[in-house]
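> Chain by chain, the residues:
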Amino acid sequence: MSTLQNNAPTMPSEALVRSPRQMMFQHAKTHRGLMLGGFVIAVIVLVALLAPLIAPHDPYAQMLSRKLIPPVWFDSPKTTWDHVLGTDHLGRDYLSRLMYGARISLMIGFSAMLISGVIGTILGICAGYFGGRVDMVINFIITTRLSMPVVLVALAVISIVGSSLTVVIWVIGLLIWDRFAVVVRSATQQVRGLDFVASAQALGSSTPRILFSDVLPNISNHIIVIATLEMAHAILLEAALSFLGLGVQPPTPSWGLMISDAKGLMFFDGWLIAVPGTALFMLVLAINLLGDGLRDVTAPEDRS
Amino acid sequence: MGNLMKHSGKIGEHMTNSTKPILSIRNLTVALPVQVERANAVENLTFDVRPKEILCVVGESGSGKSITSLATMGLLASSLKVTGGEIEFDGRDVLKLSESEHNKLRGDRMAMIFQEPMTALNPAYTVGNQIEEVLRVHRSFDAAERRERTLKLLDEVRLPDPERLFNSYPHQLSGGQRQRIMIAMALALDPKLLIADEPTTALDVTTQKQILHLLKQLNAKHDAGIMFITHDFGVVAEIADRVVVMRHGQIVEQGTADEVLNNPQHPYTRALIDAVPRRAEDREMTISENPVVVDVQGLMKTFHTSGGMFKKSRTVAAVNDISFQVRRGETLGIVGESGSGKTTLVRCLMRLIDPDSGAINISGVDFASKTAAELRRHRKDIQIVFQDPYGSLNPRRTIGSQLIQGAINFGMPREEAWKRVYELLEIVQMPKYSVHRYPSQFSGGQRQRLCIARALVVNPKVLIADEAVSALDVSIQREVLKLINDIRDRLGLTVIFITHDLRVAAQICNEVLVMKHGEVVERGGVGRIFTNPQHEYTKALIAAQPGQGWEIPDMAEFAPQTLSGGHKVAEI
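Residue numbers (my numbering), protein chains in the order written: chain U, 14 to 317; chain A, 93 to 664.
Just chain U, same shape as in the assembly (with noise of 0.2 Å):
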């Protein structure tokens, strides 16, 4: 880059420059799995949006006479297209039950993951910025939780306290903030030992200033990362609690509570768990690729 004849500013030119987060999303158009990731999760998403418009009947509505109705595709004189992806045990359609179910599931990922995300970020920001003793009732508190079986505790909690949508949210949210804390507290410490923040301190900023506009834009990527990590552990963790029964209650459409109801029926009719089984692992892998993806695109120096 040095020239020595060259008087020229060695700049690129102005088109050229483009700030990361510009850059970011140039790299972001051209990575493969990140494209796919995000349009399923789009679709996902928009599905769950409109589900009172789009849905074909009301996903509680019971029709005893047409229950155990398999999808279209199956060869059985009772399938009709009335009924797309056919009707559960109590004669409810399945296709508006997964499309209601979707709202569930992304409702309980998406908040879950805000509340672990909030509590780990703080505590492993403040664990890795100020070190020492404070680094050391963080980290106890961090092992604590990571000693803590989850679904038990989940389980444990919520038959105490009785089970409702929120408060599976927060038990989730509660229990899941330990990969944000781990990760955010070494990357912090990573980036305290640079030298901009020891010029920032000597330039005078205050402590909260520095780890918002210093450290937290330089941890963003790997935050970015744990979340769609955690979003779809959420998710798997919400269906397990709703197959165990201990999740969201019934008649509320859950994909882990028609996975439940399902089981009984698997040996006869194997669909009813194969079709809310698919949408969960398409919702999960999507949300995996995109955080892969993401981790490409926002730390590329992080890829070997």
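It is worth saying that the hints were derived from the structure and are not from the lab. Where a beta carbon is used, it is the ideal one built from N, C-alpha and C, also for glycine. Treat the hints with care, as some may be off.
Unchecked claim - Reference excerpt, derived from the structure (chain A facing chain U, CB under 8 Å, subset only):
| id | residue |
| --- | --- |
| 1 | M442 |
| 2 | L444 |
| 3 | Q475 |
| 4 | D480 |
| 5 | G483 |
| 6 | L485 |
| 7 | P505 |
Unchecked claim - These stretches of chain U come out as covered by chain A in the derived footprint (C-beta under 8 Å, 3 or more residues):
| id | segment |
| --- | --- |
| 8 | 205-213 |
| 9 | 219-230 |
Unchecked claim - From chain A, some residues computed to sit far from chain U (all C-beta separations above 10 Å):
| id | residue |
| --- | --- |
| 10 | T175 |
| 11 | A235 |
| 12 | Q342 |
| 13 | T348 |
| 14 | T407 |
| 15 | F416 |
| 16 | D448 |
| 17 | N453 |
| 18 | T463 |
| 19 | S484 |
| 20 | N486 |
| 21 | Q494 |
| 22 | G498 |
| 23 | E507 |
| 24 | I519 |
| 25 | H592 |
Put chain A on the given structure of chain U with help from the hints.
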């Protein structure tokens, strides 16, 4: 050595015909993946390395010297493709070799020493094991013979107590010792070609001197040709037989060391040699009558690592009873090797860490005793520019927002702050539009200018430059030093200049403190320190400067060549 091996016949053959090159690179061109600055990393490279000779490849960062060595070793990153030319080694074109054939050559017939001895050794194995590994892979010696040979090698690179070192892990050794291990490893099979990529750049000058000396000695004993990559003309003067000067991936000049160093032909070579820091002339120490701005008394900082279940507690006096004053408008140099406590001293001065005892008086305010909250108001009086131009700017914020931050922190109105920022950009010779850019869009030298501007935004009384030019190429180094000097005179700043390089200190400082193990061993005017050092350590430091025997020619005496773009060493 080496005659025991089955290749001894071949070696003898070459000895009789010593002019036949061991390595001969012809028209080598390596393409860069995307057109960043230029199409090719190296272009049309042609040079030879002969047995028993040390060929220095000199160039600034980005000149393609490392690419050349990696291409020869067959270690090019997969994104870099050789698009033309050949690298003939030992009668074969290594570019046409398969991966496994190349593997057989590497470590056996050609070996490499890297810049960072810290990372070039595997921390999980003892150094003895790692040297043995080379012997195990390429030869079928039994365990006893491997061990014997390894011990002999350790002895050959002058490491004390080979038996003990054999079982040491890399982290137990100093940088110099590790580099000796690397050399031992490279020499294990008596290679015909040794590539040394800036092997002494990461070392202290006293260690550097020993390593250079060792390489020269080994060179006399072995038949290997050495390709020595460096950016330092002092080192070139110390060891080179022949020199290749590279720039932007092309060779601009090559010849014997004497020709290139004392009678350079190409304007670029001349400019580079002209930028080499001169030894200080014996100038009178001028003590001005200006008021004292920085007054440090009895500063102490001791680090304790508390002992745990598995480790002993340790206490290190990083700064031990240091006192000094600096008057306004003067530059104090603090010189010391790694581990001398320079950085700790700086961090104490800035109160980035708290000293144990002592007073730091900066223009009437005692920095050592103020609480953190009280201190914030006074922080603007003392500012710092760090060594690493890549770590000292926040990559996620625009230059503008980083430059203005300091001024805003001290309550300057926005408009005025922006005016100040633009003013400073002009002083550090950076274009105004820099404010909209991000740090990644600037080169090292440019970033260092921006860091200087950032420090000056709050109108400090004292500027600390902590190895501020050590990471820069010599030509850029000179420009930044000049800038610091100009700014000092123009703004009446007091500068504390921390460096490990006496040559750099000589260029800019009025007075020098020499530090060792946390203590000041000598202080005095720059001229006196150079011509009449008193302390043993200072003498050793000065004696260790590479290129002592080389009288740097005065470029002004050469007939002016047609210089495209003029003499000016530019890096805006």
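> Which hints from the list above does the structure break, by number from lowest to highest?
7, 19, 20, 21 and 22
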